[in-house]
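J.: The primary structure of each chain is shown beneath.
Protein chains: 2
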Amino acid sequence: MGERVRVQRILAIDAGGTSTRAAVVDASGLCLGYGIAGGGNPVSDGYDQAVTAVADAAEKAVAESRAARHTISPTLVAMAGAGPRMQQTPIAERLVALGLDGDVDIEADLLAMFHSGTHQSSGSVLVAGTGSVAARITAGRLDLVSDGAGWLLGDTGSGYWIGHRVARAVVASLDGRGPGTALTALLLSELHLEETPERMHGRPRAMLDLIDALYKLRPVGLSRFAPLAFKACGQDPVASQIVTDAASALAGTLNAVRDHRLQGPVVIGGSVARAALAAPPAVAAPLRAALGSEEVIQVEDGLIGAAVLGLRRAGIQVDQEVFRRLQQTVGPLREAAGPGTKTQPTT
Amino acid sequence: MGERVRVQRILAIDAGGTSTRAAVVDASGLCLGYGIAGGGNPVSDGYDQAVTAVADAAEKAVAESRAARHTISPTLVAMAGAGPRMQQTPIAERLVALGLDGDVDIEADLLAMFHSGTHQSSGSVLVAGTGSVAARITAGRLDLVSDGAGWLLGDTGSGYWIGHRVARAVVASLDGRGPGTALTALLLSELHLEETPERMHGRPRAMLDLIDALYKLRPVGLSRFAPLAFKACGQDPVASQIVTDAASALAGTLNAVRDHRLQGPVVIGGSVARAALAAPPAVAAPLRAALGSEEVIQVEDGLIGAAVLGLRRAGIQVDQEVFRRLQQTVGPLREAAGPGTKTQPTT
Numbered sequence: 001m002g003e004r005v006r007v008q009r010i011l012a013i014d015a016g017g018t019s020t021r022a023a024v025v026d027a028s029g030l031c032l033g034y035g036i037a038g039g040g041n042p043v044s045d046g047y048d049q050a051v052t053a054v055a056d057a058a059e060k061a062v063a064e065s066r067a068a069r070h071t072i073s074p075t076l077v078a079m080a081g082a083g084p085r086m087q088q089t090p091i092a093e094r095l096v097a098l099g100l101d102g103d104v105d106i107e108a109d110l111l112a113m114f115h116s117g118t119h120q121s122s123g124s125v126l127v128a129g130t131g132s133v134a135a136r137i138t139a140g141r142l143d144l145v146s147d148g149a150g151w152l153l154g155d156t157g158s159g160y161w162i163g164h165r166v167a168r169a170v171v172a173s174l175d176g177r178g179p180g181t182a183l184t185a186l187l188l189s190e191l192h193l194e195e196t197p198e199r200m201h202g203r204p205r206a207m208l209d210l211i212d213a214l215y216k217l218r219p220v221g222l223s224r225f226a227p228l229a230f231k232a233c234g235q236d237p238v239a240s241q242i243v244t245d246a247a248s249a250l251a252g253t254l255n256a257v258r259d260h261r262l263q264g265p266v267v268i269g270g271s272v273a274r275a276a277l278a279a280p281p282a283v284a285a286p287l288r289a290a291l292g293s294e295e296v297i298q299v300e301d302g303l304i305g306a307a308v309l310g311l312r313r314a315g316i317q318v319d320q321e322v323f324r325r326l327q328q329t330v331g332p333l334r335e336a337a338g339p340g341t342k343t344q345p346t347t
Numbered sequence: 348m349g350e351r352v353r354v355q356r357i358l359a360i361d362a363g364g365t366s367t368r369a370a371v372v373d374a375s376g377l378c379l380g381y382g383i384a385g386g387g388n389p390v391s392d393g394y395d396q397a398v399t400a401v402a403d404a405a406e407k408a409v410a411e412s413r414a415a416r417h418t419i420s421p422t423l424v425a426m427a428g429a430g431p432r433m434q435q436t437p438i439a440e441r442l443v444a445l446g447l448d449g450d451v452d453i454e455a456d457l458l459a460m461f462h463s464g465t466h467q468s469s470g471s472v473l474v475a476g477t478g479s480v481a482a483r484i485t486a487g488r489l490d491l492v493s494d495g496a497g498w499l500l501g502d503t504g505s506g507y508w509i510g511h512r513v514a515r516a517v518v519a520s521l522d523g524r525g526p527g528t529a530l531t532a533l534l535l536s537e538l539h540l541e542e543t544p545e546r547m548h549g550r551p552r553a554m555l556d557l558i559d560a561l562y563k564l565r566p567v568g569l570s571r572f573a574p575l576a577f578k579a580c581g582q583d584p585v586a587s588q589i590v591t592d593a594a595s596a597l598a599g600t601l602n603a604v605r606d607h608r609l610q611g612p613v614v615i616g617g618s619v620a621r622a623a624l625a626a627p628p629a630v631a632a633p634l635r636a637a638l639g640s641e642e643v644i645q646v647e648d649g650l651i652g653a654a655v656l657g658l659r660r661a662g663i664q665v666d667q668e669v670f671r672r673l674q675q676t677v678g679p680l681r682e683a684a685g686p687g688t689k690t691q692p693t694t
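Sequence lines, in order, name chains P and S. This note's numbering puts the first residue of the first sequence at 1, with every later residue one more than the last. This note's numbering puts the first residue of the second sequence at 348, with every later residue one more than the last.
If you're looking for bench data, these hints aren't it; they were derived computationally from the structure. Careful, some of the hints might be misleading.
Unchecked claim - DEER-style ranges, computed between Cβ atoms:
id: 1; chain 1: S; residue 1: 581; chain 2: P; residue 2: 320; range: 33 to 41 Å
id: 2; chain 1: P; residue 1: 96; chain 2: S; residue 2: 526; range: 25 to 33 Å
id: 3; chain 1: S; residue 1: 559; chain 2: P; residue 2: 89; range: 52 to 60 Å
id: 4; chain 1: P; residue 1: 89; chain 2: S; residue 2: 540; range: 29 to 37 Å
id: 5; chain 1: P; residue 1: 281; chain 2: S; residue 2: 636; range: 37 to 45 Å
id: 6; chain 1: S; residue 1: 526; chain 2: P; residue 2: 218; range: 28 to 36 Å
id: 7; chain 1: S; residue 1: 390; chain 2: P; residue 2: 121; range: 48 to 56 Å
id: 8; chain 1: S; residue 1: 410; chain 2: P; residue 2: 218; range: 43 to 51 Å
id: 9; chain 1: P; residue 1: 260; chain 2: S; residue 2: 545; range: 43 to 51 Å
id: 10; chain 1: P; residue 1: 190; chain 2: S; residue 2: 410; range: 48 to 56 Å
id: 11; chain 1: P; residue 1: 332; chain 2: S; residue 2: 559; range: 38 to 46 Å
id: 12; chain 1: S; residue 1: 435; chain 2: P; residue 2: 281; range: 20 to 28 Å
id: 13; chain 1: S; residue 1: 624; chain 2: P; residue 2: 87; range: 48 to 56 Å
id: 14; chain 1: P; residue 1: 331; chain 2: S; residue 2: 395; range: 36 to 44 Å
Built from N, CA and C at the ideal position, the CB exists for glycine as well.
Given the sequences, and given the hints that come with them, work out the whole structure.
T.: Here's what the structure looks like:
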């Protein structure tokens with residue numbers, strides 16, 4: 001048997017919107033090296049930047065592992081937009097330039113997120129960061145997907161969806177069409193704008209300044225205002241309604257893929273899903289009700305899941321023992337590498 | 348007294364998103380020439396294209412009038428985004444190239460729309476086409492404006508707002524998150540897509556095709572689907588809800604500027620406002636309730652109003668007689684020029 005068959009180490013990469021994380025792990029689930037680089041979501045950052053982030057994170061993880069590079073194979077990349085139309089060659093070429101064999105497999109970020117929470121091969125997953133999407137996983141594959149239709153056409157309850165509603169509510173309030181809200185002061189302050197009584201062209205000056213500032217952002221950049229809604233919810237009725245509606249929408253997205261006859265946990269990922277679950281009980285109620293009494297596992301990102309998928313691809317069975325070792329050994333190296341895990345809803 | 352003071356003819360131009368219209372009128376309100384050119388909304392079409400459309404429409408109207416070009420002054424252009432920041436020089440240069448004197452004034456399209464309905468100098472106006480905006484007019488000036496905040500941040504109840512909801516409702520329906528709706532067949536047919544039972548990556552093939560097609564449009568292009576909601580409303584509950592919500596939103600925009608102590612008519616313009624008023628009574632109810640028992644005047648566009656503003660700028664008083672003559676003489680020349688008035692909600 002050649003080297004390729006006796007695989008002992010694989011490289012797992014989770015390319016996300018805020019950062020890209022990589023880990024070299026061995027067949028027992030032991031993490032030997034960890035690396036972090038910039039945003040690597042090909043949909044929001046562009047494919048070229050994603051490839052660079054993947055290569056940067058890979059180099060750091062491989063260097064830290066001190067493993068002989070030709071013994072690390074395959075590489076499993078978890079990425080948004082994974083599918084038959086996605087090019088693998090540019091990534092393979094960058095991995096070869098790092099001394100790896102270039103055997104690369106790209107899987108859906110959603111599948112990796114699910115497997116970051118469990119070694120079981122069936123269950124469901126809800127991820128809400130900048131976007132929102134849910135899936136039913138059956139026998140290790142995406143069986144049924146709900147939402148993930150992007151900022152313009154879907155992503156209900158996501159960070160973009162919430163931030164967009166925050167911006168519209170403040171514009172309507174300044175305009176006299178909507179109720180007053182604590183979000184106005186929070187949003188103007190976030191953008192370093194003043195709320196003045198001055199009026200121009202029949203409108204409040206602050207509204208015109210706000211509109212100018214917001215149209216300069218990419219639409220999806222409105223997701224940065226989602227935390228304002230979570231900050232004000234519980235006190236401000238407008239903010240509470242936005243967060244309650246988001247929790248209801250996320251519950252609807254999850255319910256569209258749930259099958260209560262099937263076994264398996266519900267894995268929850270993304271900063272917005274976590275914030276929605278941590279919101280005051282009255283606000284988080286719809287989402288908690290959708291989760292019911294089932295086992296719910298919250299995960300940080302898809303890196304452990306990418307490792308699970310990479311090990312499986314190498315023919316290694318990932319049982320509870322291997323999975324626990326992944327959890328126990330990826331965490332400390334991640335913490336040693338410093339910040340980079342998602343704390344803002346920009347993933 | 349020089350030629351400039353004895354002004355007998357002015358040039359009025361209404362630069363809209365679907366077309367740009369121009370008219371040469373004399374001091375009695377008689378329309379001597381009419382011209383129509385392409386879209387001239389500087390916000391949606393770009394400033395350069397708007398200037399070209401203005402010049403094209405102007406040349407046609409001036410040629411048809413057979414008036415000595417040096418006797419036509421001033422030129423009044425009604426345009427979205429009019430304000431102190433808008434450049435007048437490029438338009439003046441194009442007018443000089445046509446043999447005019449280059450004396451040009453740019454006014455808000457909203458003010459021209461109001462004056463297309465009345466020679467009175469106070470009242471209110473609601474315009475809903477691709478966008479939506481309302482204003483209170485006091486002593487011939489925009490006194491208070493509501494909405495007009497654009498597709499991302501406002502324009503509630505507009506053609507974009509309706510078309511966006513149509514698209515999101517169909518995506519949600521295909522995705523299993525939303526109720527079934529007659530809009531699905533209408534939207535897929537409009538985009539020449541098929542509703543097949545085929546599934547890919549855990550999703551219906553038709554949903555993936557639809558998302559691909561819709562993200563290829565400019566966001567504001569979703570306004571072209573607004574007519575589907577009007578077509579299906581009354582029968583389809585999803586479509587009826589969208590149109591009812593739009594009518595409520597437009598009522599809110601108008602109510603934010605109304606002052607029932609003030610005299611003056613309510614002028615209504617734009618294809619979407621007209622369609623909302625023509626919707627089944629149960630659906631149009633919120634808008635009809637907001638209009639109450641006041642005098643409501645529906646207008647086609649802002650051309651007659653641009654002429655009113657241009658004549659006033661030339662020191663000519665526009666009384667009921669002059670206004671009636673404008674209405675009676677612009678119409679026939681417009682009809683003789685053929686289609687170009689807005690029948691689709693893309694203005």
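J.: With reference to the structure, classify each hint as holding or not holding.
T.: Hint by hint, here is what the structure shows:
1. 581(S) <-> 320(P): 33 to 41 Å: violated, 58 Å
2. 96(P) <-> 526(S): 25 to 33 Å: 51 Å Cβ-Cβ, so the 25 to 33 Å window is violated.
3. 559(S) <-> 89(P): 52 to 60 Å: violated, 23 Å
4. 89(P) <-> 540(S): 29 to 37 Å: holds, 31 Å
5. 281(P) <-> 636(S): 37 to 45 Å: holds, 38 Å
6. 526(S) <-> 218(P): 28 to 36 Å: Given range 28 to 36 Å: holds, Cβ gap about 32 Å.
7. 390(S) <-> 121(P): 48 to 56 Å: Holds - the Cβ-Cβ distance for residue 390(S) and residue 121(P), about 53 Å, lies within 48 to 56 Å.
8. 410(S) <-> 218(P): 43 to 51 Å: holds, 45 Å
9. 260(P) <-> 545(S): 43 to 51 Å: violated, 27 Å
10. 190(P) <-> 410(S): 48 to 56 Å: holds, 54 Å
11. 332(P) <-> 559(S): 38 to 46 Å: Roughly 43 Å apart at Cβ, these two residues keep to the hinted range, so it holds.
12. 435(S) <-> 281(P): 20 to 28 Å: violated, 59 Å
13. 624(S) <-> 87(P): 48 to 56 Å: holds, 52 Å
14. 331(P) <-> 395(S): 36 to 44 Å: violated, 57 Å
The structure fails to meet hints 1, 2, 3, 9, 12 and 14 from the earlier list, while all remaining hints are met.
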